[in-house]
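Student: Given next are the chains, with one letter for each unit.
There are 2 protein chains.
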Amino acid sequence: MDSIKLSHHLKSNKVKIDDGFWNKIISLVQREVIPYQYKALCDKVEGAEKSHSIENFIKAAKIKSVIEAGGQVPVYPVDKWFYDEQNSDSNAFKGWVFQDSDVYKWLEAVGYSLSIKQNDNLKKKADEIIEAVCSAQLENGYLDTLYIINDRSKIFTNLKDFHELYCFGHLAEAAVAYYNGTGEKRLLEAACKFADLICETFNESNLKGYPGHEIAELALIKLYRETGKKQYLDTAEFFITQRGKAPYYYDIETGRSTDGRDYIYNQAHKEPRLQDEAVGHAVRGVYLYTGMAELAGEINNDELLSACKKIWNNIVTKKLYITGGIGSTADGEAFSFDYDLPNDLAYCETCASVGLIFFARSMNELDSNSVYADIAEKALYNCVLAGMAEDGKSFFYVNPLEVLPEASRRDSRKKHVKPVRQKWFSCACCPPNLARLICSLSEYIYTENDNTVFINQLIGNYAEADKCSLHLKSDYTKSGHIDIEITNIKTDKLKIAVRMPNYCENAKANMCYSYADGYMYFDITEECIITVDFEIKPQIIKCSNRVRENCGKVAVTRGPFVYALEEVDNGSNLQMLTLDAEKPLIYNEANGTITASGYREAPDEELYKAYSPASKEKTDLTFIPYCKWGNRGENEMEVYIRLEK
Amino acid sequence: MDSIKLSHHLKSNKVKIDDGFWNKIISLVQREVIPYQYKALCDKVEGAEKSHSIENFIKAAKIKSVIEAGGQVPVYPVDKWFYDEQNSDSNAFKGWVFQDSDVYKWLEAVGYSLSIKQNDNLKKKADEIIEAVCSAQLENGYLDTLYIINDRSKIFTNLKDFHELYCFGHLAEAAVAYYNGTGEKRLLEAACKFADLICETFNESNLKGYPGHEIAELALIKLYRETGKKQYLDTAEFFITQRGKAPYYYDIETGRSTDGRDYIYNQAHKEPRLQDEAVGHAVRGVYLYTGMAELAGEINNDELLSACKKIWNNIVTKKLYITGGIGSTADGEAFSFDYDLPNDLAYCETCASVGLIFFARSMNELDSNSVYADIAEKALYNCVLAGMAEDGKSFFYVNPLEVLPEASRRDSRKKHVKPVRQKWFSCACCPPNLARLICSLSEYIYTENDNTVFINQLIGNYAEADKCSLHLKSDYTKSGHIDIEITNIKTDKLKIAVRMPNYCENAKANMCYSYADGYMYFDITEECIITVDFEIKPQIIKCSNRVRENCGKVAVTRGPFVYALEEVDNGSNLQMLTLDAEKPLIYNEANGTITASGYREAPDEELYKAYSPASKEKTDLTFIPYCKWGNRGENEMEVYIRLEK
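These protein sequences, in sequence, are chains D and B.
Note that the numbering used here has the first sequence beginning at 134, numbered continuously upward.
Note that the numbering used here has the second sequence beginning at 134, numbered continuously upward.
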């Protein structure tokens, strides 16, 4: 059987980003986000809620020493998701049940950051933290501070709700990134030791459980690739195969008898290979789907690939916001039903879009079609980038498409929708997730197979592929122009496949190409420079009228960017504005805004009255890229605008 | 100081409804709803959740006998809103903390029903229930089965959350209605005995508390009017004066220190006389506001009247659905902020619109302006009537303006929105509230003062006002034609003031009239028949563009009825339909529907694509009265439709 894996992505040690748009953002993450998060993890941010993250590792290390010295250690309850300062013993675990993962995500970002640019001071801090992490690891490899500190006897007894395997997954991801970025093995060894324990614990003849919050699946595969230890792949497969099988493991664990529907939230209502719809907690979902796709590639499982394709199609044709956001409902931070994409109630967690980008890349390796990178681009340039303020100091967890600040304050249904970015979150999953993605962005540009190098993201960089060297000079986000210099060619069958963005109606190249599955294929016989000009212009986009909220409305985009209206540019009551689609949309190169023609309706003072056409006046509309909204104080924002009649 | 009360309403013993539209509905309530509710109260409905209502009174009576015999009685917790069968001792109280009120609301409906038409069998059942109620009353007058059964020592210790004073209020309302309908004093005496205890318990020098769920205020005033006992009025005033005063009684009760914002839900965040916005739980709100208006009239308090007017204006200009529904959010079944009127997430509890009709009548007595009856009409013919199925056998608690059955099933944010009426509710407040309103509808037709009889609702009837007799023949809902025969005139200054509905652009009368504050004033010098023809025609109504959800959309009405589109008539995906406002709307007299011209867009199969005008085809649209929706199985419904461009 041929491998169903058609290509592999180039890793960060092979690709160095140099891009007018992204250099600044990556530097911002390195300069602001990583140091700030370090302080947060160490509880050194004045006025911020304490993270307790490092403190928990130190407490766990102490418990470990006492145990190893044969001493008695206390027991505290392991019975909830959040352990606050007030209501528990000061020696007990503090913070969220997944608090450890914040440390790991930070270490992962640092690993990638160091592979971009060495930084001794940062590495020293990271090494100290790694020391603290490793000091907490039990002799048998177990490493989760909640259980180590509070109750060793409860380890692996609540897989459904608690996060030991989730924290393990982030540990493994961090370990691989840190090893790749620094060559240091300390954390990788700790991750393997924990992985070994997990492999021993979970299998056909022992515990038949699987993670409540997925990520261990994809992380075990990463660890397998890094170490070659087959048991890691086997355990990833075990987790994915066991998941959702009746009798449900979570039934056994909780002593209940259900029909599995209770586990939709965890995507454990049926076997992954039989799933065809994205459901439940969106972040969990895309982490599982990524793991499924990775596993399908590793073990050549067509059934799993087919399930992944169905789920992917379900997301992108029925459950995806125009911004690349996913997860329409705050209740369970979850996918909703098909075409349920409310703008104002959207959840669209930053982490979920980060995970969607993971899933897209994994699918892209199995299917050389540009749809995956198209969607990844949409998520990256819109929902994910919107997650961080322009100064890198505050973050959105939730990325709505319509915001009325009064609603966020006064309507409890919208309490998750913040009109301004927050400094930090007690549940701080999104900022470090964003940091690790941005610092590893170089890994999302290329996939490569025997003869073809695929350029999936049009981001400027220098790369060493297996078959050639590339220097991509990109003015993509501004003019749509890119130059790809190909040197050091190692095969006479080389093809360079450049993704033609799906919104792009025209592209001009300086060389002949054939077009297939969204890519422009160039046959390369000698060193050369490919020049492509993608037509990038403001566009008016219509959302399907199956989405009830957007009927009669449109959105404005340009290139990869979705645009939005803000009150600061357009006045309040944005819903009273309409867009005249007959008039041209003008892109303002100086500041990246788009000016359009439209109308402003006069406010109706009566709540109800006999219909007559609205009285209105012409007005210019100013659109800004969605990713930049909320950087000028609290104000109204909307992506969709009514079309003028 | 002159009384600020300008008129009083005619009570049910003075008005007999005889109306082509309403006779059937009143009969339906008498024939179906009242007997069904009796069975429910007695736990005799097969397959339905048990009510435990009568059972609780029987248990309480036993406890009472044991106490009076000097015996020991058990103690059970009084710590939650709902006491289920499984998790508590079978001798303990069962059901909701306000379970007693279901019995009282039924008795109130029966009282009104018997005043419409004597029914020995029904009266016998009611008398038996009254016997059960009275048997449970403690020697000191206390009567709330939760506390009598579970824990006598906790009486009046949790006014904020529990419902003793609420149940008392319904007892008093039932007692007055039953006395008026039958002349029987048994229940009235019990209510007075409990009222006497409440008056003793709550006052300046004793307990300074007030009801968490308002209604006792208006009920005490009813009891005062019936008995002339001033202490009832004083205690109503005490409750309203104490409410929301700092230090907050609920702070004292709960041992906390707050700034009062926690009590917005209970409208106890500030003193009623200082309130100017409708906030919190909508039913509680309108019950309080009704009590405030009633009190203002009784004690000539202009400040309270002014607060009532501000709150009224806030509701009707900023927080009212076109259907007369109030309460935009399911969270707290509450008012939301100004202009927040989502169609699909609406709560619009049937009870809240019933309470709005109470408030409207109380205001109408203080201000002879037709706005109150206009709004009452809107609520009555739309939100309230929609609450009951056409066969009187199932009910809506929540009355949304847009329903997609899949959303109700799959979107937890809409789990309160039922696509079909339910047989009964474990929290069964709405069906009996609707029953008592419909059976007392005769009390909402007239107000009268020294010289003027105001006809507020254009419902056919025979009435004995103080100054004349009236026979109103009404074809109002069909043709807009009414005849008012005036006989037995007792003053030479008689005026008949007929409300001209606010939607009505033209009205023709057979006699001269002057117009003021929404009424047509006829000077009557001799027996005569006034004939009025209101122009009733299909209208297209625009909701203010301050309501974001309805921009670009319109609703269709005719006379008092708001119309709606249903899937069964118009196909699925109602959001793809548009209305051509240039074409005429045709009223179909035979079945009450309206036919309009519009378009059906072809479904967009792509989730996002470059905008081009929708491909669409002409179609006829069928609108039905909103109050009739959901009578033909589960299907989509919407009130607002996009205007064709």
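Since the hints were derived computationally from the structure, they do not count as laboratory data.
Treat the hints with care, since some could be wrong.
Since copy identity is lost for identical chains, a pair holds within one copy or between any two.
Derived DSS-like pairs (lysine-lysine); straight-line CA-CA distance at most 25 Å [said to hold, decoys possible]:
| # | residue 1 | residue 2 |
| --- | --- | --- |
| 1 | K742 | K778 |
| 2 | K551 | K716 |
| 3 | K749 | K138 |
| 4 | K378 | K149 |
| 5 | K742 | K716 |
| 6 | K626 | K778 |
| 7 | K138 | K716 |
| 8 | K451 | K749 |
| 9 | K761 | K628 |
| 10 | K623 | K670 |
| 11 | K716 | K157 |
| 12 | K326 | K623 |
| 13 | K716 | K778 |
| 14 | K256 | K751 |
| 15 | K157 | K172 |
| 16 | K556 | K606 |
| 17 | K742 | K670 |
| 18 | K749 | K177 |
| 19 | K778 | K751 |
| 20 | K749 | K716 |
| 21 | K749 | K778 |
| 22 | K442 | K138 |
| 23 | K378 | K183 |
| 24 | K626 | K403 |
| 25 | K551 | K326 |
| 26 | K257 | K443 |
| 27 | K157 | K341 |
| 28 | K742 | K761 |
| 29 | K149 | K716 |
| 30 | K641 | K556 |
Student: Each hint should be assessed against the structure and marked as holding or not.
Tutor: Structure-based check of all given hints:
1. K742 / K778: both (20 Å within a copy, 20 Å between copies)
2. K551 / K716: neither (34 Å within a copy, 44 Å between copies)
3. K749 / K138: neither (57 Å within a copy, 44 Å between copies)
4. K378 / K149: Neither way: K378 and K149 sit 44 Å apart in one copy and 66 Å across, limit 25 Å.
5. K742 / K716: between (31 Å within a copy, 19 Å between copies)
6. K626 / K778: Cα proximity of K626 and K778: none, with 55 Å in one copy and 56 Å across.
7. K138 / K716: neither (47 Å within a copy, 60 Å between copies)
8. K451 / K749: between (35 Å within a copy, 22 Å between copies)
9. K761 / K628: Answer is neither; intra-copy 37 Å and inter-copy 66 Å both fail.
10. K623 / K670: Neither: 37 Å inside a copy, 81 Å across copies.
11. K716 / K157: Neither: 34 Å inside a copy, 57 Å across copies.
12. K326 / K623: Neither, since 39 Å and 101 Å both go past 25 Å.
13. K716 / K778: both (13 Å within a copy, 17 Å between copies)
14. K256 / K751: neither (57 Å within a copy, 68 Å between copies)
15. K157 / K172: For K157 and K172, only the intra-copy Cα distance (22 Å) is at most 25 Å; the inter-copy one is 73 Å.
16. K556 / K606: Answer is neither: 35 Å inside a copy and 68 Å across each miss the 25 Å cutoff.
17. K742 / K670: For K742 and K670, the Cα distance is within 25 Å only across copies (15 Å; inside one copy 41 Å).
18. K749 / K177: Cα proximity of K749 and K177: none, with 54 Å in one copy and 61 Å across.
19. K778 / K751: For K778 and K751, both the intra-copy (13 Å) and inter-copy (18 Å) Cα distances are at most 25 Å.
20. K749 / K716: both (17 Å within a copy, 23 Å between copies)
21. K749 / K778: Classified as both: same-chain Cα gap 12 Å, cross-chain 15 Å, threshold 25 Å.
22. K442 / K138: within (14 Å within a copy, 72 Å between copies)
23. K378 / K183: neither (40 Å within a copy, 37 Å between copies)
24. K626 / K403: neither (44 Å within a copy, 80 Å between copies)
25. K551 / K326: neither (41 Å within a copy, 53 Å between copies)
26. K257 / K443: The answer is neither: 45 Å in one copy and 65 Å across copies each exceed 25 Å.
27. K157 / K341: neither (47 Å within a copy, 64 Å between copies)
28. K742 / K761: Result: close only across copies, 23 Å inter versus 38 Å intra.
29. K149 / K716: This pair counts as neither: shortest intra-copy Cα distance 42 Å, inter-copy 64 Å.
30. K641 / K556: So K641 and K556 fail the 25 Å test inside a copy (44 Å) and across (66 Å) alike.
Checked against the numbered hints given earlier, this structure breaks hints 2, 3, 4, 6, 7, 9, 10, 11, 12, 14, 16, 18, 23, 24, 25, 26, 27, 29, 30; the rest are met.
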